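Chemist: Numbering follows the numbering used here, with no gaps: position 53 of the sequence shown is 1266.
Any given hint might turn out to be false.
Claimed, not checked - No farther apart than 30 Å at their CA atoms in a straight line, the calculated lysine-lysine pairs in the BS3-like style are these:
(1) K1283 / K1258
(2) K1270 / K1407
(3) K1407 / K1383
(4) K1283 / K1270
(5) K1283 / K1339
(6) K1383 / K1256
(7) K1270 / K1256
(8) K1407 / K1256
(9) K1407 / K1258
(10) K1392 / K1258
(11) K1383 / K1339
Unchecked claim - Pair ranges (Cβ atoms, derived):
(12) L1268 / E1333: 33 to 41 Å
(13) E1336 / V1289: 18 to 26 Å
(14) G1312 / R1282: 16 to 24 Å
(15) K1270 / A1371: 32 to 40 Å
(16) L1268 / E1335: 33 to 41 Å
(17) E1336 / I1248: 35 to 43 Å
(18) V1260 / E1387: 13 to 21 Å
(19) N1300 / Y1325: 14 to 22 Å
(20) K1258 / M1384: 14 to 22 Å
(21) R1278 / A1322: 20 to 28 Å
(22) M1291 / M1384: 19 to 27 Å
(23) Q1246 / M1291: 18 to 26 Å
No lab work stands behind these hints, which were simulated from the structure alone. The structure displayed is predicted, hence computed values, not measured ones. Ideal Cβ placement from N, Cα and C applies to all residues, glycine included.
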Amino acid sequence: MKRLFLFLFVASFMMACTGGQKSETNQGETTEQAIEVTVGNFKEKAVDLVGKTILIKGTADHICRGDGRKLFLIDVEMPGRVRVVPNEDMAAFNTEQEGLDFVVTGVVAETYIDEEYLLEWEEELKAETGSENALDCESEEPGNKDGEEGEEHEHHSADAAYEQIANYRKMMAEQGVEKLSFYHIVAVSYEVIKE
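Sequences are here, hints too, so could you generate the full structure?
Modeler: Listed below in structure tokens is the structure:
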């Protein structure tokens, strides 16, 4: 009984010492040395970091209101925007923390879009809308508002989705590639820094 009391006392003391910081960690994850990256260099380094654990700091520019499963980090001093999703064992991000600074530890993941994916997407749209609308857009700005966010098509109307499909095809043609790669972080832990 004494040991249990001592353990509870030490545990509560340690919890009290965290001050104004909130931390969410997925217990059971292996602790691999994280490679530090910035919002500004993430896009450039991501291709070599797929599957590796990284540490990134940034400000929550947007947290998706629908389900809280997407957090977008920015750095006010450099360009770039990085999508972060919690792993399957973590709770969704709290939308009230938008605008706060985050320190995220996570694994870099790649999502790609190729012609097969685009054809499947078109078939889904036709099934949902029951139409055979032709792709009639000639957008000057390839990609959606967020550019590198890739597979975010579930939030678009059918017309916007068809436009996005055309933009992806245009991007592949301009770059001379058969697939477009998009990178994001699957968070294993994060800390919200409250100043």
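Chemist: Decide, hint by hint, whether the structure agrees.
Modeler: Hints, one by one, checked against the model:
1. K1283 / K1258: 21 Å, holds
2. K1270 / K1407: 13 Å, holds
3. K1407 / K1383: 43 Å, violated
4. K1283 / K1270: Holds. K1283 to K1270 sits at ~16 Å (cutoff 30 Å).
5. K1283 / K1339: Measuring from Cα to Cα gives roughly 27 Å; hence the hint holds.
6. K1383 / K1256: 20 Å, holds
7. K1270 / K1256: 14 Å, holds
8. K1407 / K1256: The hint holds at about 27 Å.
9. K1407 / K1258: 28 Å, holds
10. K1392 / K1258: Distance of about 18 Å is within 30 Å: holds.
11. K1383 / K1339: The given pair, whose Cα atoms are some 21 Å apart, holds under the 30 Å limit.
12. L1268 / E1333: 33 to 41 Å: 35 Å, holds
13. E1336 / V1289: 18 to 26 Å: Between E1336 and V1289, where Cβ atoms are some 41 Å apart, the hint is violated.
14. G1312 / R1282: 16 to 24 Å: 18 Å Cβ-Cβ, so the 16 to 24 Å window holds.
15. K1270 / A1371: 32 to 40 Å: Since the Cβ atoms of K1270 and A1371 sit about 38 Å apart, the hinted range of 32 to 40 Å holds.
16. L1268 / E1335: 33 to 41 Å: 39 Å, holds
17. E1336 / I1248: 35 to 43 Å: Given range 35 to 43 Å: holds, Cβ gap about 39 Å.
18. V1260 / E1387: 13 to 21 Å: 19 Å, holds
19. N1300 / Y1325: 14 to 22 Å: 20 Å, holds
20. K1258 / M1384: 14 to 22 Å: 21 Å, holds
21. R1278 / A1322: 20 to 28 Å: The hint (20 to 28 Å, Cβ to Cβ) holds, given that R1278 and A1322 are roughly 23 Å apart.
22. M1291 / M1384: 19 to 27 Å: Holds, since M1291 and M1384 (Cβ atoms, about 23 Å apart) stay within the stated range.
23. Q1246 / M1291: 18 to 26 Å: 24 Å, holds
In summary, the numbered hints that this structure violates are 3, 13.
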